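A.B. asks: Chain by chain, the residues:
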Amino acid sequence: MGEIFKKGLGNRSFVIGGVVTIIFILIAGISLLWTPYPFDEMTIASKLKTPSGDHWLGTDHFGRDVFSMMMVGARNSIVVSLVAVSIGAGFGIPLGALAAARGGWVDEAVMRFNDFTFAFPALLSAVMITALAGPGAVNSIIAIGIFNVPVFARITRGAALPIWKREYIMAARVSGKGPVQISIEHVIPNIASVLIVQATIQFALAIIAEAGLSYLGLGTQPPNPSWGKMLSEAQTFMFLAPHLALFPGMAIALMVLGLNLLGDGLRDVLDPRLRRQR
Amino acid sequence: MNDPLLVIDDLYREYVLPRQKLFAPAPRLQAVRGVSITLNGAESFGIVGESGCGKSTLARSVVALEAPSRGTVSLHGKDLFALGTAELRGMRRHVQMVFQDPYGSLDPRHKVARIIAEPYVTLIGGASGQELAEIVSRALVDVGLNPEDADKFPHEFSGGQRQRIAIARALVTKPDLIVADEAVSALDVSVQAQVLNLMMKLRREHGLAYLFISHDLSVVRHVTDRVAIMYHGRIVEQGDTRAIFANPRHPYTQMLLDAVPRPDPGLKKPRAIVEDMGDMPGHGCPFAPRCAKVKPSCRDQEPDLKIFDDGRSVACHLA
Amino acid sequence: MALLSVENLSVHIGPAHILKDVSFSMEKGETLGFVGESGCGKSITAMAIMGLLTEQATVSGRIVFDGQDLLTLDDRAMCKIRGLRIAMVFQEPMTALNPVKSIGFQIAEGMRLHLGLGRAEAERRVVSLLDRVGLPAPRFSPDLYPHQLSGGQRQRVVIAMTMACGPDILIADEPTTALDVTIQARILDLIAEVVEQDGMGLMMITHDLGVVAQTTDNLAVMYAGAMVEHGTTQAVFSSLSHPYTRGLFGAMPHLESHGDLAPGALLPTIPGSVPQPSEKISGCIFAGRCERAQDQCKVAPPTLTKNDGGHQVACFNPWGVVA
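Chains as they are written, first to last, in the working numbering: chain A, 2 to 279; chain B, 48 to 366; chain C, 523 to 845.
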C-alpha cells in the first residue's frame, strides 16, 4: 500500500486527480456540518447577486446562496454516484467472476445478459426508468446502478479469464480449493487494480448521468439542490446572471476531469507494478 | 507396501478444437492415447518427451485436474475420477504437484506462510494458528529456507528460492507422490543442482515417490529409476532409466539422445536428426515419417507396446 | 586488426554494476561463445554492442567494430550497422516475428532498407534465402504468416532475416532455449552452416555448456558481470581453470557416465548464490563462494591473465591444467 502511494506521488495525473477528487469529497463532507448559509434560505431581496464577500459564488433567482447549494449539490451527486457504482460493482463483479470461473453455459448466460443490457442506451434508459417509476434520488440510483452491472461484469470476466490459466491457480486447485474460494482468495485480489481503475471511470460517468437526470428534473428533487437542476434553472437567466450556469457546469466538468485523471494515474501506478516479477 | 501406489490404466484424453467449418464436425486432438503406467511407493519415475507429446496432459490427469476421456487413474487402489467430491478431496492429500514456472506458481499477493499452508488448511484443516505456524516453519527449514521467510512475499525471493517454497507447499500434507512438471527447467544450472539435490534428499527422508516430467534427458537420467518416453500421445519406450539411456531400442529415443549437445568439444558426433515437419500420418506409426529404419509395415499399423523379458517395453515393429 | 574489439566495457544501471570491465576481441569468421547463468551479463554485452541498452544505462569503454567505436555513434548511425553489419537472433521465436506481416515481407525488410533493393529483386532473394534455411518452395511461400509456422520454422525465418544483408557478425542470444531438443539440434546445425558458408563471425550466447561446446571454437565464461575465463573452447573444457567454470560443469547432470558421479548421487553444487548487481564487493566477485579462496582474493579483483594452459583466467588461484 505504502509503496503504491509513494509511487503515486510521482505521477502527475494521480496527484492532480487525487487532489481534485479529495477537495470535492471534503466539500461534500463539510456540507453535512456547515454551509455558509442554509441552502434553501430564500432572501428575495438579494436575488441574482454576482459573487461577493457575502455570497462567494453569488445568489440565484430565489436569493439562495449559490456556494451553499453547490456544497450540498456535491454531496448529493457524490452519494448518488457512489451508491449506484457500488450496486453495479456489487452485482457485476461476482457475475463476471462466476462467468470466468465456470465457463460453459454459465459464461454464455452472463455474456448474453450483458449484451442484452448493453443494447439499451444507458442514459436514455435511465431517463425512461425514472420517468416511469417516478423521479427522485433513489430511482436515479437504481437506474444508474443497473447499467453499471454489465460494465463491471464484463471487465471482471475479461481480467479474470487469463488469471485462471496461471499456475498458482492450478496449484490452488491441486490443493483442493473450489472455484468460489479460488475466485475470492486468488482471482479478485489479483485483478483488483483493474477493477479500481474502472470504478473511478464509472464514478465519473455516474456523476454525469446524475447531473443529466437532475437537469431533466428526474433526479434529486427540490428543495434538495443538485448541480444538474441548478444548470437547468440557470438557463432562463443566461444573459442576466451567467454565473448561475457557470459554476455548476464547471463543477461537473472539474469533478469528472479529476476522477478521470485519478483513474489514469491509478492505472499507471498499479499496472506496471503487477508486471514486475522479480 | 506391496500394492502399487499409482496405476494409470489405458488413459485417453481428447480435446475438441474450435470448429474450422460451420457445418463440419469440430476437429479433435488426441493428446494422450492409451497410456498405462504403474508406480510403486518411493519410486522415481520419469516422463520424457518434446512439446505436444502429452506429458503435461498426463500430469494434470494424475493430480485430478482434468478428467480423462477414457481409462482410469488409481491412487492407493482408488479410481480418482469415480470418487465423489468429498472423497476426492480426501485423496488429494496423497498427491501434490510442483510446477514449472517459479514466478507463476505462487500467488504474488499472498505471503509465503499462507501459500505453504494452503493445501494443509484445505485438505486436512483443524489446526490452530500456532500449529499452522509450526507446520509452515518446519516446511521452510526442510527445504533449506528460514522460518522468518514465512512473512515475506514471493517477489522478495529468487527463482530457486521460489521453487523451494513451491516444494515446501507440496510437502505439508505429507503426500506419497509428488508430480514434478518441469520443476527445474526454468532454473539456472547451479540452482537446478541445488533444487535437484533437495528433491533427492526429501525423497530419502520422507519416502516420497516422484513422477518427474521433463524434456531434459540428463536431469531425468540422474534422478529417476524408471522412465517412459512419450511421442505423440503414446509411450514408445519404457524401462530402467540407465538401461534405456545406455541402450535405447526405439528409434525416437535414439534420436532424442543424439540430439542433446554434449559438453565435450572433442566429441562432435554426426547426427541424423529429422525434424518434425508437422505432417502426421493418419495411420501407422506416427514416427514413421522421421524414422531412419522405417519399413513399409510401419506405415500400415501402429505398433503396440511390447514388453520384453528384461522389463523393457518398446512400441516398434522392429524392436 | 580484429573485426570487433571490446575494451573495458562497463555498464551501470542506477546503483547496479551489471557489466564489469569486459574486454575481448573477435576475428573475422570466429565463433565465440558466451556462457553463464542469469545475470552474468552475457546478454547485456550483446545489447551493448547492438546499441540496444535501455536509456537508463551508463556505458563506458570502447566497442571498436571495423575501426569505428560504436559507443560514439548516434542512433541513426547505429541503424546502418544493425541488420546490415551485425545481426541478432533472439530467444523467443514466437515473439520475434510481427504477426501481421508475411514472412516474405519481414525477410525483405532489411534488404530493402539497407541494400535499397527493388521489390522484384528482393522477392527473388527471399525465395533463395528461405531455401537456404530449410524452408523450400513451394511448401513454404513468402506469403505465409508467422502463425502458420511452428517454433522451429519461425526461428529459421529469423535466421533468414539475419542473413539477408550479409552481416559480418551474427549474435545469437539463446537461440534454441525455447525449442525442443530435436529442433534445437537442427537449428544449431543451420546456424553453423550459415556462419561457415558466409564467413560470418558468430557470438553464441547460452547457458548450456553442451551447446557452446558443439558450436564454438572460442569461449568466454561470464559470472556476475565479469569475464572469468576466456580461451579456446577445447582449452577451457579440458582445464576448467576458474573455480566457477569447474563448479558450473560439475553441477550439470550428464548423459554419459562422467567421472565418478553416479546417477542418484547428490550433484556437487556451488554453495551460496550469485551476488546482487548492486552489491559492492571488494576483491574477486566469486571469492565468497569459492573453495579455493585465499586472503588476496578478498582485497582486489583479479584480471584476466594468461595461464600456463595458454588461455586467460581471472583468478589468483586457478585449477591447474588437467590432461
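These aren't lab readings, by the way, just hints derived from the structure by calculation. Keep in mind the model is a prediction, meaning the values are calculated, not measured. Quick reminder that beta carbons are idealized off the backbone N, C-alpha and C, glycines included. One should not assume that every hint holds.
Looking from chain A toward chain B, a few residues come up when the C-beta cut is under 7 Å (computed) [unchecked claim]:
1) LYS166
2) ARG167
3) GLU168
A.B. asks: In ascending order, which of the hints set out earlier in this document are inconsistent with the structure?
C.D. replies: 1
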